[in-house]
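Asker: Chain residues, written in single-letter form:
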Amino acid sequence: MSSMPEARVFHCISVDDTFALGIKIGEASPSGSVISLQGPLGSGKTVLAKGIAVALNIDEPIVSPTFTLVQEYCGTRRLHHMDLYRLEGQEEFESIGGEELLYGDGITVIEWSEKIEALLPPHTINISISINDDQSRTITLRGLRL
Amino acid sequence: MKVLGIETSCDECSAAVVEDGSVILSNVIATQIELHKPYQGVVPEIASRLHTQWISQVVSAALKQAKLSIECIDAIAVTNRPGLLGSLLVGVNFAKAMAATLGIPLVGIDHIRAHLYASQVEHPLEYPYLGVLISGGHTVICKVNGYDEIDVMGTTIDDAIGEAFDKVAKHYGFGYPGGVMIDRLAQKGDPLAFLFPGPSLQKGDHPYDVSYSGLKTAAINQLDQFWNGSAEKSDENIAASFQRSAINILTKRIRKALDDTKLNRMAVGGGVAANSLVRRELTSIDKVEVAFPSMKLCTDNGAMIAALGYRYIADGHVSPYDLKTSARVAAFKRSYP
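Chains as they are written, first to last, in the working numbering: chain A, -5 to 140; chain B, 14 to 350.
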């Protein structure tokens, strides 16, 4: 059992950079991974998710799950993309069947996962994005070795 | 024939009774009725998704408003796709149990087809027509050849149009519901105060696809960059400029789709179909007959489910009592060439 890798910080100048990083993360993530994505509105969370989807050979557009709460895609591995922005908390998460997705065999990407902190499995991969003054992005990755 | 329609695919818990697919006898939505327990007054938005708490009361209220006893219902239509599995299952299992107990037909309904059909309850169009679904969760432009036959032409490649409205409104603290507040503020604003860029669609995207992520980011993070340099940076001007850009993106694709298909009829559905600029822009398209649902049929509701359900049942298409639910619908998730 390898120890938890340390945090790595990436500097993405463009949307393409963020997208390319998403592909690398998708390729490196083992099946059963839960990936938590944090960052402000418009910071590129969905762009990163699009990159992850490409790594899973998903050839349809990745659309925002904010309103639908969960979007499911089939590629070489299954991708569940969740956005808990509109959820009130754990009870609602459980009522929509969210817990089953945390222990599935595909990859689950969760935006606003802090709302269900206590339910997240210990192997959760954490990615946080911040927007810099020059509009570039600083992306910090924890829990995954690239 | 009186059909009970049940909708629990996402946020709203709704039930309605519709007679012969056209006369709405009741249309109850949990967020809009007064329930005394366990909350005082109107159900808060956050609790409406706990469908198990509401389904029984909402169906009872729908029957009561229609002044019908449960035995008077001839068939049940229920949304069984697409949506959240946990939420869909509440409605579907309730409908199954009720249909089996009463020994009446059951039919599973596609939520997206129902939105595209909603306007037909009050304003029937001849097939084929261009179907436009614009809501918080979906943005779909399609050719509707029949109530069950739809060819998807374009969708959003990232955010839905209603979601962009909501997020911009939330960011600037315009109030809730975001879409309504932007519409209201925009009436008093300058739509050219900020000149936001159009979407950057990549090659390989369909010509009728739309994208709202770029506009959302521009309106939230890059306001100064797109300012015209003279107008006031007021809420009204932000709302008017954003709304103009968001609706331009859509109407451009719709005009192209109408031209290319040579269709002269169009039905619009979904929450954004309530927006006043959308209505104005789309009704001003030359020589095209446009059907909009009334306000209560724009958002998720049981009446559109019952009305579409009637069409299936009248044609003899009923579902077995072991009706399955599905989180997604393949036809609305076409792959790129």
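Everything labelled a hint here was simulated from the structure, so no lab data went into it. Computed from a predicted structure; not experimentally measured. Where is the CB? At the ideal position from N, CA and C, for every residue including glycine. Incorrect hints may have been included.
To be verified - Which residues of chain A face chain B? A few of them, derived with a C-beta cut under 7 Å, are:
1) N51
2) P55
3) T62
4) L114
5) P116
Asker: Classify the hint on P116 of chain A as holds or violated, based on whether any CB of chain B lies nearer than 7 Å to its CB.
Answerer: violated, 24 Å
Asker: Would you settle whether the hint for P55 of chain A is holds or violated, based on the nearest Cβ-Cβ distance to chain B being less than 7 Å?
Answerer: holds, 4 Å
Asker: Do the numbers back the hint for N51 of chain A, that is, is its least Cβ distance to chain B under 7 Å?
Answerer: violated, 11 Å
Asker: Hold the hint about T62 of chain A up to the distance rule: shortest CB distance to chain B must be less than 7 Å.
Answerer: Result: holds, 5 Å to nearest chain B Cβ.
Asker: Should the interface hint for L114 of chain A be scored as holding, given a Cβ-Cβ cut-off of 7 Å against chain B?
Answerer: Since chain B brings no Cβ nearer than about 19 Å to L114 of chain A, farther than 7 Å, the hint is violated.
Checked against the numbered hints given earlier, this structure breaks hints 1, 4, 5; the rest are met.
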